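Here is what each chain is made of, one letter per residue.
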Amino acid sequence: MSLKKVEQVKKDKFFKIWDVLIYGIIAAVIVSLFLAVFLTADHSELIEVQAFYRDELLFTYNFPNDELTVSMPDNISSSESEDGNTLTITFCTDEGNLETPKDYNIIVIKKQERSVSVTDSDCDAFGFPDCVFSAAITNNASLPISCRPHNLYIEAVGYKNDSPILPVG
Amino acid sequence: MLKKFFVKIAAFATCAVALGGTLFGGLSACSETEPELYNFSKKYYGYFNTDAELVLQLPEMTDKGIQLSKDINDLLYTLQCSFDAGSSTSKLYAFNAAAAGAKVEIDEHCYNELQIAQKMYAQTDGFYNPGVYYSVDLYGFSAREAGVTMPYDREDPSKQLPAEKYVSAFEELGESFADLSLEYDADSGKYYAIKPEKTVTVDGDPNVYSLRIDLGGIGKGYAADLVDELIDEAGFEYSYFNFGSSTMTINKDAATEDEQWPLGFHNARGGANEYYIIWKDSDTSTSTSGDNEKYYIIDGKRYCHIVNPKTGSPISTGIITASCSGGDAAEADARTTAICAMGLERALEYINSADVKGAGIKASFLYEDQDGELTVYTNMEEGEYEIVLGQQSGTTDTPGSSDQTPEIPSWVFILICAGFVVVVFAGWLIYKKVQQKRESAEAGAENEHSGADSVHTEGSDKDSDN
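For the protein sequence lines, the chains are F and D, in the order given.
The numbering of the first sequence is this note's numbering, which starts it at 1 and goes up by one.
The numbering of the second sequence is this note's numbering, which starts it at 170 and goes up by one.
Since the hints were derived computationally from the structure, they do not count as laboratory data.
Keep in mind that this is a model prediction, so the values were computed, not measured.
Errors might be hidden in some of the hints.
[What the hints assert, rightly or not] List time: in silico SDA-like cross-link candidates among lysine to any residue, alpha-carbon distance up to 20 Å:
(1) Lys601(D) - Asp19(F)
(2) Lys421(D) - Pro167(F)
(3) Lys111(F) - Ser78(F)
(4) Lys239(D) - Gln50(F)
[Said to hold, decoys possible] Just so you have them, the derived chain F footprint on chain D, three or more residues with Cβ under 8 Å:
(5) 409-421
(6) 424-436
(7) 589-601
Each residue gets a CB set at the ideal place from its N, CA and C atoms; glycine is no exception.
Work the whole structure out from these sequences, hints included.
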């Protein structure tokens, strides 16, 4: 490489000015959109959760009324802690049974904290059941908890975005 | 130099635009007075073999909304026990099971609904007729209890059509709905329905068939009307109740300036998100019926769940979907079912009649000719609706407004603009700094170069001297 060429390369800047501007703008847009999505989510207090098994309603729990409504009693058993603050729901699939839990999920509802989480499951997930490791549902923006091997899905009942057009039919 | 000038101009222009946007966004935010509303949604599963949904637009979730959603659940359960023809505990089931001529005690809801059915039967000249129970069952569209079989059941309903002798017998039986009479005993407070004496028999079948009623056509509408009363009593002005997506009662829409809901009516020959017509309405009920809800195809012909009472067979009038808004939801349900059965000329006459257009009811239907060409007919004036056949939802504006574009909250706009401003300024400062360094480096290099030149010149002079 000639000396002239070496000097030319030395003089060249690592970033051209417009590169910096474009990267900066992209970064700003990404950050803004992230903040917009995160901050516009509905973080209001959890009022009710509902759980589905094979797309059928399994149970709902209403926090203000402290009311558990079970739609599939054969698949659900529940017990309350002595202080009344924790409701433990044992769910089992149609293939399992509640007597000697098999194909089960343990769902814990903490009434004062208003949180719902899955604390135990024997689902076949190579020792890492997503449902157990999912974050607890604590507000209306919380992600749902799902256990795909057991077709279990738990979500907050709350707000949703609507289409600008109301479909009929 | 010219290039630098243009770069600076561009940077300043970007900054100016971003700052202007920020100011505009800020002013918009300041001028916002209406609180942001959310949709509280509650779903109900399995009532009348379908799902329902309550949506309330609220500034925040309230226990009052939760209580309303529970009251609605109780109401739906009560109604199911009253007039679900497929439920063995319902009053309507008891009526259907009774012998011809029997006087059967029913409840108030069942009584009210049968009155509406009689009214709509008369208004539509019998094109709405809940007496088609057996015809609907014959074609396999009723919600029968599990394990119940009938002599006319087909081995393979997806390939075989029902026997013609049953089609004509049940069509004849359905006409006896006109002879149904209702009684209310004010002293005892009891309600009765008296079954017509008419019976039919079919060759080779020992059964004697008497009138049975299927209120599925208006049952959801009747329920939706009562739910709407509950919503009104609870004071939720911005809301709607959707029963099986084909029947709705709507109040106001907080998301639009005129507080009217933009309603999109599905194209029966389109995809899930395709409408054939859109119009706006509020504080009313709406209904749509179509041959795409439940159907099967045998030898290329579609057999749907809507039975034409005049033929005893599924509709084949070319009217593939009918929609209306206005009046009660129960009546709207009956109206759209009847329009599908009427045929083009009769349907046009009906939607422009005093009972429909004269009563302020908006109605439209989609007609498919023998070549598969689709045409929309409506009783509305131009500008009140928009025909959107062949368009995907979201690509259309609702009639008479342009306020359906989802608005980005002002503060998001401010945030983005502020981000742009910061980045542009930072970029511009970096650019200036780098430019200065480069210029000073170039100046230094030039000085060095010119110094070297002068030394070299001096040396040459010396050489030449030598």
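Which constraints among the numbered hints does this structure fail? Numbers only, ascending.
Structure breaks no hint.
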